[in-house]
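J.: Protein chains in written order, with the numbering used here: chain Z, 1 to 214; chain W, 1 to 214; chain F, 1 to 332; chain A, 1 to 332.
Hints are computed from structural coordinates only; laboratory data are not their basis.
Glycine residues also receive a C-beta, built at the ideal position from the N, C-alpha and C atoms.
Incorrect hints may appear among the rest.
[What the hints assert, rightly or not] Some chain F residues judged to face chain A by a derived CB distance under 10 Å, without partners named:
(1) 14
(2) 43
(3) 46
(4) 59
(5) 126
(6) 294
(7) 332
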Amino acid sequence: MANCLIAAVEAIGAAIASNKEVLTSLDAAIGDADHGINMARGFQAVSGKLSTLAQTADAATVLKTVGMTLITTVGGASGPLYGTAFLRAAAAGQGKNTLSPSDVGNMLAAAIAGIKERGKAVRGEKTMLDALEPAYEAFKSAEQQGRSLVECLAAARESALDGVMFTKSIIATKGRASYLGERSLGHQDPGATSAYLIIAALEEFCRSQEQREE
Amino acid sequence: MANCLIAAVEAIGAAIASNKEVLTSLDAAIGDADHGINMARGFQAVSGKLSTLAQTADAATVLKTVGMTLITTVGGASGPLYGTAFLRAAAAGQGKNTLSPSDVGNMLAAAIAGIKERGKAVRGEKTMLDALEPAYEAFKSAEQQGRSLVECLAAARESALDGVMFTKSIIATKGRASYLGERSLGHQDPGATSAYLIIAALEEFCRSQEQREE
Amino acid sequence: MKKIINSPEQVVEEMLQGAVLAHPGYLRRVEGFQVLVRANTPVEGKVALVSGGGSGHEPSHGGYVGKGMLDGAVAGAVFTSPTPDQVYEAIKVVDGGQGVLLVIKNYTGDIMNFEMAAELAEADGIKVDRVVVNDDVAVENSTWTTGRRGIAGTVFIHKIAGAKAETGAELAEVKRVAEKVVTNVRSMGMAISPCTVPAAGKPSFTLDETEVEIGMGIHGEPGTHRESLRPADETVEHLLNKITADLPFGSGDEVAVMVNGLGATPLMELYIANRKVAEMLAEKNITVAKTYVGNFMTSLEMAGFSITLLKLDEELKQLLLAPADTPALVQV
Amino acid sequence: MKKIINSPEQVVEEMLQGAVLAHPGYLRRVEGFQVLVRANTPVEGKVALVSGGGSGHEPSHGGYVGKGMLDGAVAGAVFTSPTPDQVYEAIKVVDGGQGVLLVIKNYTGDIMNFEMAAELAEADGIKVDRVVVNDDVAVENSTWTTGRRGIAGTVFIHKIAGAKAETGAELAEVKRVAEKVVTNVRSMGMAISPCTVPAAGKPSFTLDETEVEIGMGIHGEPGTHRESLRPADETVEHLLNKITADLPFGSGDEVAVMVNGLGATPLMELYIANRKVAEMLAEKNITVAKTYVGNFMTSLEMAGFSITLLKLDEELKQLLLAPADTPALVQV
Ligand SMILES: Nc1ncnc2c1ncn2[C@@H]1O[C@H](COP(=O)(O)OP(=O)(O)O)[C@@H](O)[C@H]1O
Ligand SMILES: Nc1ncnc2c1ncn2[C@@H]1O[C@H](COP(=O)(O)OP(=O)(O)O)[C@@H](O)[C@H]1O
Ligand SMILES: [Mg+2]
Ligand SMILES: [Mg+2]
Ligand SMILES: [Mg+2]
Ligand SMILES: [Mg+2]
Chain Z
1 MANCLIAAVE AIGAAIASNK EVLTSLDAAI GDADHGINMA RGFQAVSGKL
51 STLAQTADAA TVLKTVGMTL ITTVGGASGP LYGTAFLRAA AAGQGKNTLS
101 PSDVGNMLAA AIAGIKERGK AVRGEKTMLD ALEPAYEAFK SAEQQGRSLV
151 ECLAAARESA LDGVMFTKSI IATKGRASYL GERSLGHQDP GATSAYLIIA
201 ALEEFCRSQE QREE
Chain W
1 MANCLIAAVE AIGAAIASNK EVLTSLDAAI GDADHGINMA RGFQAVSGKL
51 STLAQTADAA TVLKTVGMTL ITTVGGASGP LYGTAFLRAA AAGQGKNTLS
101 PSDVGNMLAA AIAGIKERGK AVRGEKTMLD ALEPAYEAFK SAEQQGRSLV
151 ECLAAARESA LDGVMFTKSI IATKGRASYL GERSLGHQDP GATSAYLIIA
201 ALEEFCRSQE QREE
Chain F
1 MKKIINSPEQ VVEEMLQGAV LAHPGYLRRV EGFQVLVRAN TPVEGKVALV
51 SGGGSGHEPS HGGYVGKGML DGAVAGAVFT SPTPDQVYEA IKVVDGGQGV
101 LLVIKNYTGD IMNFEMAAEL AEADGIKVDR VVVNDDVAVE NSTWTTGRRG
151 IAGTVFIHKI AGAKAETGAE LAEVKRVAEK VVTNVRSMGM AISPCTVPAA
201 GKPSFTLDET EVEIGMGIHG EPGTHRESLR PADETVEHLL NKITADLPFG
251 SGDEVAVMVN GLGATPLMEL YIANRKVAEM LAEKNITVAK TYVGNFMTSL
301 EMAGFSITLL KLDEELKQLL LAPADTPALV QV
Chain A
1 MKKIINSPEQ VVEEMLQGAV LAHPGYLRRV EGFQVLVRAN TPVEGKVALV
51 SGGGSGHEPS HGGYVGKGML DGAVAGAVFT SPTPDQVYEA IKVVDGGQGV
101 LLVIKNYTGD IMNFEMAAEL AEADGIKVDR VVVNDDVAVE NSTWTTGRRG
151 IAGTVFIHKI AGAKAETGAE LAEVKRVAEK VVTNVRSMGM AISPCTVPAA
201 GKPSFTLDET EVEIGMGIHG EPGTHRESLR PADETVEHLL NKITADLPFG
251 SGDEVAVMVN GLGATPLMEL YIANRKVAEM LAEKNITVAK TYVGNFMTSL
301 EMAGFSITLL KLDEELKQLL LAPADTPALV QV
């Protein structure tokens, strides 16, 4: 279990690393030009931490380690938010040894609830929530239709991307971009973009796992 | 007398003003990029001061006013040097109502002596002296051959220009450019250039006067 | 990117080391953390002040650690608020038993990270309270935003709350004074050239030969609008009118003034700006009790400046004028 | 040219006005002159110190006018030494009957203008003496040049001779101490980007994306050579080795350090440089009694820095650490 989850987190880290400049440029336009740098620093630290974890660690331990590491290395707004998300996902996955699509859905829901509690934002304020909430809804409805984890994640990824695009059309009312008022219009939210990248990386990882198992 | 001398100084001022950027650029290369600015500021102040002088003022009074004004408005190295030059010229021209070529030669000699005393430089150190001393020598020899003032000044101007060109071939050992050592090679000295401009302006002015008188 | 650094990853660590080496009499590094504290911390019987934020605002915040101002400063990555563990450590190290006041600039990240740290410290039984600085009038304050940014006015909170803490006042009192400063301080800035976050390697924004950004934040965040560079007096007029209209500041008021350079602005230009500030305040019959001109809350090598006005009452004035002895601000 | 100014012709005048408006407790303007003096000048029974030079080096020189440092500062046009009448006026205003020491940087223009002023003052019966600062080791000292330039080390002369004057010492004594500082102080700088003299309207020099100028003067004068930008530690090594080799500074010496920003250098970078300076001095077994990091002798908005070392004996050390209270430097 730990093995697989650690590899999934590494896949997320790789996606963040290779999109570091994209995320930073998006943040330069409506923020302070550090989102990619922050996230890349965080996931690099995560990678270091995970390599010291016992192979036998359960899902909750892995995710808690990710959450704590993000909280203590990312900083800014995204650090506490993504950190809290992973901590909440850890709690939701407590004791699990395999993760069904429904388990993953519950963890995603818990993560989003954590982000909303911590950041006091709702959907439509031009934040990561605009990618995450639609992604969760798509995931959930695919899951309820009995789809596989990869299929659920694909649906989530598609909706996340729609959500990212939607952020261009709205004014930010939370986070650093909110200081811009109307000038935030037309720009894509960096945090929504990183959320999309995380989901897309998860999907790709699970797909490759599925193919290996076949 | 005052009228004519004031007009001559105005002509010098005009030449400096229209070469302000050239002189500043030359100083940027081997100094601190202010020679043209300094000289232009000084001659602008001179112009203001001279306009308040009585029409009846004699040569010495005019030149003393120029010298004092340059000293109190130019600053840097060139201010005290040119200021002293005009003060010494004033002293040499004391009591004169018309200026013969020989008078002008004596005034030039006095001016140069003042510059050397004040600045403790000699010819060959890449300063204004490298234009002024050859200019004086040429003036003197023309004068001794009985040439007119305009002819004497033409000879002086030609030698001054040679002197300016010569400054390109030597290392500065006085003034701000001396800090550059070898790196001052190949550059034309700004002070030598302004000295040339002053002589050339005087020549042109006297030539136009001569033509008017004809 | 041209910078006098060794590597973008090391700037904060090496800066902290260089600062402690420069000011051993004032500063001590909390080993293993990006935290600077007073050399003699904790000061028993005194409420402690902890401030901080992203790096790149030097001398903020470590420069204000010392007698009469801060007890500890937490440095995040460049322009990135520090993480909760760092702030938590600072709180633990500086607490002298009377509790700790956190000075937080109003950015989502800063608020969340400092709040998480406060929760951790409170769980340890440390009294922690906080004040949130939001002085930037460039940002419209409406109910649907996160409010205003905190910028250079933060230094006045350090100075005045720090002086109050030095008197032995209790946490609630120090907080009251700090909040009084927040209520009465307003700032606004502008930039004529951008800065480059070392890890980003390129400028956060670009301005053409004559363009300036009005209402600029201190992290390269865009301001209210761009316009052509105007004479200094007109720029000051624009910024100061926004500021005075906001509180509002008016005839008969007494104020402290800060003309703050963003990092690459010659002091000459700040004085030229201050000349107009002083002239305008005199016209409005506003008295200036004290003026600060210099680099207090910078934005790396950004060129530009901000103006801060703080309306004083007798209490704030006495505390502002009280002595301070820190690397970046000494008053006798 | 992008500057926060009203007009190139007015920069010095408006800066002086802005400075006096900012620091009325410290500074007074000598009406009609570009001269700033202490608010309470002349100080009876004390030797007075007058320094100055071209403008554009702020906080030099007006920022150092105050208790424990200068009595008067004369401001020339940008990068242009002031004229004799200005210096003469400063001398007359600050003389408290014990004479005046002129602090002159070793530039032909400064020397001539200050000397002419001294002659005028002496003719009035004022005792005047002078000290010439020439700390820049970038410039080779050979008999056929005008010697070395004076740069940031000048601030140490202000501080130490100023402290000596404050003790009531007579002119010859103040001069002796000032000359001891000159004998023992060495500096060298480098620039990564140029500055623009307002009246010139364009940069005094240009450097390409990776180029830096080593041994740069504080008026945009070229230095010893250009090279590619190296890591901060290597640059510090180069400059500091030149400096320590020169006096020389060696094992067992005690020094004061100044890491001086040229105007647009983030304090972060200066601290990073200081880290290496401290490390190298420790390796050489040279003790640092006091470190100054910041903008002390700038060159408008030039980016870059200089390092200054001053070898201390007990006398210099006590005077360096003595209190000072000026707009730009306060020590308690
Ligand atoms: N209150 C909030 N709730 C949810 N997400 C937020 C909130 N505030 C900011 N964000 C997200 O954080 C992103 C910025 O992260 P980052 O640049 O790392 O932090 P900072 O803004 O502190 O520099 C934004 O693009 C946005 O998606
Ligand atoms: N000692 C000296 N004797 C004669 N001329 C000198 C001397 N020093 C400098 N100069 C002249 O002054 C010129 C520079 O003048 P300017 O730029 O106005 O002053 P500064 O060097 O103080 O900026 C030089 O080009 C040189 O011709
Ligand atoms: Mg950001
Ligand atoms: Mg010059
Ligand atoms: Mg940030
Ligand atoms: Mg000059």
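J.: Is the shortest C-beta separation between residue 126(F) and chain A less than 10 Å?
T.: violated, 30 Å
J.: How about residue 332(F): closest beta carbon in chain A under 10 Å, or not?
T.: Check passed: Cβ of residue 332(F) comes within 6 Å of chain A, closer than 10 Å.
J.: Closer than 10 Å between Cβ atoms is the bar; does residue 46(F) clear it against chain A? Give me holds or violated.
T.: Nearest chain A Cβ about 19 Å off; hint violated.
J.: Would the stated hint for residue 14(F) survive a check requiring a Cβ distance to chain A of less than 10 Å?
T.: For residue 14(F), the interface hint holds, since the closest Cβ of chain A sits about 5 Å away, which is under 10 Å.
J.: Have a go at the residue 294(F) hint: is there a Cβ in chain A nearer than 10 Å to its own Cβ?
T.: holds, 8 Å
J.: Quick check on the hint: residue 43(F) CB to chain A CB, less than 10 Å?
T.: violated, 17 Å
J.: Does the CB of residue 59(F) sit less than 10 Å away from some CB of chain A?
T.: At about 6 Å, which falls below the 10 Å cut-off, the nearest Cβ of chain A leaves the hint on residue 59(F) intact, so it holds.
Checked against the numbered hints given earlier, this structure breaks hints 2, 3, 5; the rest are met.
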